[in-house]
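Enquirer: Each chain, letter by letter, is given below.
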Amino acid sequence: MPTTTKKIQLEVDSLVSLIQKQDPKMQQLFSTALNIFASPGARRVAPEEKEEKLRQAIESSVQPGS
Amino acid sequence: MIIKQLRLCDFLTYPGEQVLDFPNADASNLIIVLGPGNSGKTTLIRALKFLFYGAYSSERPGEAHTLINNRTKAAAKLGGMLTGWVEAIIEHNEEEICLRRTVRAAMVSRDVWAAGDIVFEQVIRDPRGTHFLPDHQGMFQNRIRTLVPESLFDAFYFQGEPLDGKLLGGVRAIRHSLSAFLHEDQWEEAEQAAESIRAGYVAEIQKLNAGNEKYQELLRNQESWKNLLKNQQTALANNQTELKRVQTEYAATKKQFDELVKGTDISALSKQLTSRQRDLDDAQDKRRHCEETICRLVSESHGIPFLLAAMPVASKILLQLKEDNVIPADLSERFVDRVLEQDCCVCGTTHNAHTRANWLKYKEKTLSVDLNRGLSDLLALTHKTGAQSFLRRSRELHVELGRFRNHRGQHIIKCQELQALIKSIENQLAEYPVEEIRNLGVHLSALSDQREQLGRDIGQSDVSIKTLTAKVAEINKLVDKARPKGAAANQQAKLERLRDRAEQLRDLIAQTRQFLHGLFHQILKSSVAQDYDSVATDGSHAVVDYQTLLPAIERNGVRMVNLGGGQSQLMALAYVVALSKLRRELHQQMQQLQIGLGKIDDQSFLLDSPFDKADNNYTKAIARFLLGSARQTVISMLPQPWNLLRDALGEHAVRIYGLRLFSPPAQHTNFDAKDFLFPVDGTNVSLRAELPENEMAYTKIITLK
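If you read the sequences in order, they're chains A and B. Residue numbering for the first sequence follows this note's numbering, beginning at 1 and increasing consecutively. Residue numbering for the second sequence follows this note's numbering, beginning at 1001 and increasing consecutively.
Derived by calculation from the structure, the hints in this document are not laboratory data. One or more of the hints may lead you astray.
What the hints assert, rightly or not - What the simulated footprint calls covered on chain B by chain A, stretch by stretch (three residues with Cβ under 8 angstroms from a Cβ of chain A suffice, anywhere in the stretch; the number is not a length): (1) 1071-1078; (2) 1187-1198; (3) 1503-1515.
Built from N, CA and C at the ideal position, the CB exists for glycine as well.
Chain B extracted, bound-state conformation (with noise of 0.2 angstroms):
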């Protein structure tokens, strides 16, 4: 549907009849209207809501008045009624229609309305005037509901982020609304219509055999095996198209895994840095091993190394325990007494709490037998009695815990070694997009396993379909042996190939329903993808989901959010315009089965500042995007995007309007006047004017190019 003039009549900002022609030359399809913020750009949009299909703001039902525009209303007399009509000549088949909605309001009192009504018309103008016909039995209302459902209005006439924002975030309402545009439910409901008149006919041969219970009996077991029989049938399609599916996203995602990791020595480091700390694993190992040992020998020594290494200080406290005639039995907790009186601990250094809380630790657990012995040991070696073998076993003792105190340091090296080279290793792999390949590696790893779970399902439906279709044979022939001679035979007949026949629509229907949803999959998925990747500068890219035939945007396997910059803009762009394209193809190739879907005519696209919060990459993507995506593309703008895209889009616009806004000083702050200015056969219009204090703010569409 091609929209050829806007006209507008005291309808909100626009007071006074104005009018907007929407010329689609030859050359140029882009129309460009600019105007600053709050002079009625997305009135426009509201305005052909309100013409399409009645709509305006759903939070104030029954104020239908609030459309007309203030001043006029301002302007009122007491009792008067009042109108406002949004008016548009749209081309279709061939034909132009001019379509005019009005609301009527009458004033009560001062700011009280009477709830105005809303008309919806034709009109016809010709030399003799201009003619009103009703619409009859709402013709044209459907026909626009037809060319455009209003759950998709949004997608064709919409402001940037609010449609982007819904694509993206999956709004279920979007996919119904999918659903209906590309002809989807209908598909569905004629295959459930068929299986419903199936049923009626299964009824049907039962009620005829009401008398005969074997033969119902058999009947119904038919029923009940061609029902399990098409479920496993269904499930095994279903499961066919997701493999195929996922081993196409497969390929996809290791080609896109092969192309990050081409051309980088990220796997050689990947196996060194495998390598390395597996290396160092086995150092700390190791290093474990010898403090175990250590441990165990200390441990075993009755706390001779300790003692020894406390020798001096020790053997000074043992003497005087000696000489105090202690026995060995309690010597441990002597000793740690006598330890804790001195200014020094044994090892030298002055006594601190810390140093006290050990011993006293050591006092109540840790030396309880060991050091027992060792002190008795150590006792015996100051009186040198039965030092031989104590002194054999220190020196033994002490080699073993050499050699592993030095294994130990060597280990520690080794590891302190290798942590730096890991180090290394994990700057170096920090150049490269490490976590990305690591997520479309885990990716990868997903859809391989959900290959293989579909590839077991496939496997086990194939042999239940097999089970299945014997047993229905086998019932089959039960059932025709059965089946009642005489009068009533040729009415069973009848109603079983009807059932039959019903039964293969409801199959056909569901296998292209199915078909064409891939195809749709398809086919959005590349489109978008090449209207989108090659712009995006992050290297992200677009994707469309299968189920939903929702777009999305991910970077190496991680569906992004939040996206700013007018990336996201640019995808909704692109996906509206290949769908608007697919439902056109769909209704032309269709024809070839000889089904009508209806003629649809080239869209066009009415877009409310597209390139608000877009950095100046996706402002030109976007503006190179809409040249030639469409028949008919209007865009309205704030100035200061149109100073970027003057140059880009000025020469191919076939017209440009500035919407003036009129206001009072006080709206005029925080602009810069020269951002308004147009030149105009050779003068400046500026699109801002003053009113004075307290008058209302309103608009007036000027023709600038």
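Bound-form chain A, shown alone (with noise of 0.2 angstroms):
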């Protein structure tokens, strides 16, 4: 008997395709705030920092060449 038997498909394309339609930098700016926010250990960071680090983020992202 398989271990498991059910498996539930998460139809991520649309998601998917609604990050790759803006440009890298935001992509790469998305991510970056996902993974500040949403990592393991994510909860034990204080907000403050959580933002401080967004922030910068933020402003890496808009300066040329980055």
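Could you use the hints to bring the two separately framed chains together as a complex?
Expert: Here you go:
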């Protein structure tokens, strides 16, 4: 008997295409933002610290050549 | 997270050190723990909760010593330090970690214990011995909380009934837990942070232009118009999502409705019923019309028909009145008095309270003018004066009244026939689920109204957005024109770029949040429905609320509560399994977007008595569902359901444990000893054993397979 017989398919194609419509820097910023807030351990980081990291990410994403 | 081994020492009902190994064979993922009532099945869940979060009886905080086994405590010496602990080897990130939580307590005097301390450690066993490492900076504690948030513990290590009660009851805490489990709250936090940063840049721009009032005013206007535009866009997006959901629900409900009425002659019968009811209404109207006409004719007849019918008695009375020289003006009053003086009423029946009361009422009101005239005419008739007109009028009246009485009679018969026919159609309809069809019809109608309203709202939002976009473009031009020149211009441009970037990010996160929520709903709904609907024997089906993502059970559009027989347990299981897989899939798929939500291992489920109060159908359905729904499933149960499931589950179980309860005879009443016998290596092992009176009960774990 297989250990897991049922599988859930999470159709993220539309989500991926939504993100890929953005410019590369925006795509990068989006991933960075979510990594700051949703990565393992993010709940233990103070909100101000996370916001500061996001601010820095936003600032570096508008710098030419970054 | 997979549990490889659970070890208990002097913990609650388990004295000494006892071990449950949870092997994960290739061919099976199922472990069964059998035990009589009060043998410690639920204690296994309490033990895990204590190990994971240090949780114990919340009603008695500060009394951690209550977790230590009573027999152990009874044997303790004054001043002696006792410990009880729970340890587990868990598999995470392809490595095994052994964690232990210990409770320590010292006996101050008999039955008085100093508040115990609780320690959480990593355990390392190697050839040199057993070593304990403190949980540095709460690393392992955090890892456990990430893997299984405390608020969701009950979803994975649970007692059948309490969980489904919470899910079906829409308990708020469960909604928050779900939000955390699927990272929705973190998505929201990111969106709010982006907005807060954007607002910060807006404030900086304002500050930079502190001396330029005109420009500041423009900036404020720009901000305010942009906010209005954003609100409209959010409203539009929400309405569009809602419309999509309503359309999907409408289509599903319509399908359900069509299926329910398909192949039946409900539609024809309903039409017949409507038509017959219309005929009945019509016949009743006509009958009423006849009655009204009869009443009118009678009222306009000055009481002639009545008096004609009562002619023999009435004539006699009238002749007496004539002899008394009674003048016509007060004829009716005297007439009534005389009628009442008779033994019989004019209709021939003996007077009673009812006839007397009617005549008195008659005297007071009804007859006053009309009967007086009728009586005058009748008096004239008896005098044979003016009789011609009276007789003609009487004949005409008689014909007319006869015609309407005849019609009335026909309509009464028609009404009776139609009522019988309607009753027969209603009886035929009663054989069909008319109530359900009606409910679905009402639901469809409500959805249709909602769809129309949303369509109108979307149209309005579209118009508003166009207007607001034009307004924002206009004000942007004004802001550009008025933008300060010189040294501050560069700083200004930079801040504006940052503000726009933060705004873009905020909107993108909002869009993805909304998208993911819709996806979660769709997947949970279809997954739970797939597992539940095919098993439900009463035509009910599982649904998932769009807003809360919580499950419910419906039948023909009506939400069902107070479910029994195992339905809700099955639904709860299907839901938590779907949820766990959804989270796992989400984590994997987010990797495509370089978003690391952390590695999620297979989830283990420890179910305490999931078959309690379930009927045979659902007991078997739950058992079938559990096979193959998770990489590891541990089920504890009473011996009785096991007898039913032995064939279905026995061969799949990689290990079967028994919880052998040692208890005094007083606790052995009302049980059948043979229910607790299990064949092990050719001999029968009992899960109940007697202790002498006054001894404390305890449990020993034994391996049955």
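Enquirer: Work down the list of hints and note, for each, if the structure agrees.
Expert: Now the hints, each set against the structure:
no.	hint	verdict
1	1071-1078	violated (count 0)
2	1187-1198	holds (count 7)
3	1503-1515	holds (count 7)
Comparing the model with each earlier hint shows a violation of hint 1 alone; every other hint is respected.
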